[in-house]
Structures are given as C-alpha cells and as structure tokens.
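Chemist: Sequence:
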Amino acid sequence: MLPGLSHPTSDWQIIKQMKNNRFAFCASVFFILFADLAGQTIKVSGQGDGYAGEKIEIYLLSDPISEKLNPVAIVKCDSEGKFMFELPAVSEYSAICLKSGVYLFKLLVCPGKEYQISLPPYVPVSQGDAANPFFQPASLTPFVVNDTNDINNITGEFDKTFSDVITRITERVANKTRLDDLPGLTESVNRLTGLSENRFYRDYVTFRMIMLNAVAYGEYPGRKEDSVMINRRFSPENPAYTDLVNFLFRDYFRSLLSGPRAKQLSDAIKNGSLQACDDVILQDGRIENRELRHYVILLNMYYGFYNSLFDSGRLTGMLDAAVSEGATVYIRNLASVLKEYVFRMRKGSVPPQFSLPDTSGHIVSPSDLRGKYLLLVFAGDNGKETLSELSLLKSWYDKYREKLSVAVILTGGEFSKTVSFFTRRGYRWNFLDATGVPFLINQYEIRVLPGFILVDPEGRIAEDYCPLPSENLEGFIVSLAGFR
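Position one of the sequence shown corresponds to residue 0 (numbering that gives the first Met the number 0), numbered consecutively onward.
Hints may contain errors.
Each computed SDA-like pair below joins lysine to any residue, with the alpha-carbon atoms no more than 20 angstroms apart [as the list claims (entries may be wrong)]:
| hint | residue 1 | residue 2 |
| --- | --- | --- |
| 1 | Lys398 | Leu453 |
| 2 | Lys54 | Pro120 |
| 3 | Lys398 | Thr327 |
| 4 | Lys54 | Pro119 |
| 5 | Lys54 | Glu170 |
| 6 | Lys338 | Pro356 |
| 7 | Lys54 | Ser162 |
| 8 | Lys105 | Ile73 |
| 9 | Lys371 | Pro350 |
Bear in mind the hints are in silico, worked out from the structure with no lab data behind them.
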C-alpha cells in the first residue's frame, strides 16, 4: 500500500481470463521483446479530480513500429478518485499507457520503482467522439509527484518546448517563410538540454535535437555526429531514438526503389532475403549498426505493406526470414509480433478465441458455432445506432438462416436488461455476455460499435472487411461463394 492511498476496486479476474484464451497474447506480446527482470515489480498510483468511480484501462506499448496498445487490466478509482496497480518489470524502461475519458497517459517506468502520478480533471468522451472510429484521445505525460526529477517529468518538460518549436519550424520550412527564425527557434530548445545528467535523458535530448535539425535544415553528409549517434547503440527502449529512426527511415525503401539499387532491393524483397536487403542498406552507407539495419527493414516492410508498396506475400517472406535470421533476439521477436498483428484479423486467419455465457448460462466459444457462416455482432447496448443496424439485419436475415447464424456479443450495459429489450422485439439470435471481458473488442479490432465480423463455416475470417447492414451487408453476403 502506498502512503495516503486506499485500495480501489480492481478487476484482476481479467488476468485469469487472459491466461485461459487468446487474451494471453495481448498481455505477453510485449514481454517477449525484452528479458524478464524476475521478481521485480512496478507500482503506479495516482488520483485526479472527477475520477471517483471511473475506470482506467491499463496498456503496455507493444513495440515502436506498430505502436499497438496491448491491454493488461482495468482498475476502478475509489470514491476519492484514487487508484493503484502493480505490473511485473520486463525492461530497464517500459512504456505503459493509461486510458481514461478523453486522455491517454503515457509513462516510462523502471523496475522496482513506485510512481505516484497526478492526473488532470476527468473529461468524459462525448457521445459523438465515442461513435467516431477516428477519435484519438489526447496524449499526455502525467507528472510524477513523488520524484520531481523522474525521467517522465524532465522529458515531459523538454517535450513541451520541443513540440511547440518543431511545429513552428515545420510550418516555416513548408511555407518557405521566416527561415531566419530557425536558428533562434533551435537555440530555444538547447537551454533545456541540461535539465539532468541522467544518461537516458542526455540520449533522449540528443535524439530529439537531431530530429529538430533534420526538420530545420535537412539531412546532409557533413553532419557526421548524427550518424555516429544513431549507429552507436541500438536503443529501442528510448522513445526519442525510435521516433528519430522512424522519422529518418520510414520511407527508406521507397527512396531506394527509385534509385540505382532499385533492382537489387526489389529482388531481395521478392525472394524474402533478409541478408540481401541488409547488403543493400550496408552498401548505401547510412546505417552501420546491423541490428538497426534489420529494424529498418522491418519498419519499411510493415509500412510498405499498408501503403501498398508490398503485398502480403512479400511481407510474409521477409518477416519469416527475420524471425529465423534476425540480428538479435529483439529483432526476431519483433518480426514475430508484427506478423501476428498484421494477419490477426485478415481473411483466412482464425479469429481470437473467447468463452462467453449465453442467456442460459451455457458457455459458448467460436468452435461451437462452426458449420455455417457466422456473423459476429459486437454491440455495447441498445442505443440508436445499434438498433438501426440490427433492425436492418433482422429485416432480411430469415432468408439466409440455413447458411448463416448470428451471435450478438454484448460488451456493455446490463446484459439481461439489454437481451430482454431485443427479445421483446422479436430478435431471436444467440446473445453472448462479454460485459466481464472488456478487452474483447480490442482483440477483434473493433473501432466503433456496433461492429461486424464474418466467419466462414471452417471458423476463419471470411473477408478482411465486413460492411454494416446499412452498407449493404446483405449484398456482400449473397456474393460469397457459399450463398450462390
């Protein structure tokens, strides 16, 4: 127990559920990237105005390429708006995120330390933002009140000025106006470089300043110290380092594929040859560190796939090569993690498993629902949007019931009350209770409710995207081979 804090209500039964099904992946995927620090824990507590009775979702940042948030648990603040939780330590520095209301709080944590954080007043997510799949919470670094020299406080203070300055520099460079301001703006950040002698902070500032100069003046061969710093040591635990690498090299392959090494790189990617890609980058001369070269290969293959530069076959080949031939354990595990993320919910993959009670208390899993096409409907409650979509589905479902079954997974509200609402209106589908499994929609990558996933009779994802009933779901289903 930390001083001045009472135990809040916490739902650690979630962890038990995670161990029994595929939720174990979302909790463990981060841990395989770093060596476990046996027996050490991280304690986080805090409070803020308006948080009484509110829930805080706890996530681990998976990796610096996908930047996925892996859910761990949920804690509920007590009547005074206080909370506390503990996590096992897995690295010298780990990134955790706390989501509550409109905020996403990012915190770098170290093994064996306690963090008492102060939160800004609670602001709930509006109904409009909750229905917006593109809504992004405001990202903040909370202040650590029990250690004013904590790395989060000093990097947070630095980044306030850095973010403002780099925005102003970017505007001037993009518009080619007031370029004489650039030296003064850059110098305004330099005054914060001496806030701490902590090595992590010194490196953090160095990487940030390299990025700032690259934005202001561009890259040029004469700035050798930048290349030395980037190549000296591969530092994925330092977010300023990975931010810089991603900034400098995210479109590296696109550039190489338009230059003299285009055919050599194209052949390497076609053949899924990690070594051949590595040779191309080494010949280009910008990256000497082998682990960094392999990281940049994964970075470019991942984003190249989503930007239609490479197809899934090319991506799979390179990721498989990196899993077996990566420069370090970190790179090999990172390749495995990225492959899991990319293909988890794509056509032909097996969807995340669950074990949920139906209205009679019988436990249902996806394997119980095979034999027909299965439409999984994720709904929070009986709100207007949900009722509108489900009423459209109900209007034509009976025509296809011999080949299509429907399972409505209710993730919020009171399960029995919501089921009663629908059954009184003639909805005779299978309703499953997911109110005790809050991260299920994260696993299924549902961005807004209601959400729909179509599974084929063999239990695999039928298509990459399943439209809503209002987006002609009926026509989409009729076009499938099994319905012709």
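Chemist: When the hints from earlier in the document are held up against this structure, which numbers fail?
Modeler: 3, 5, 6, 7
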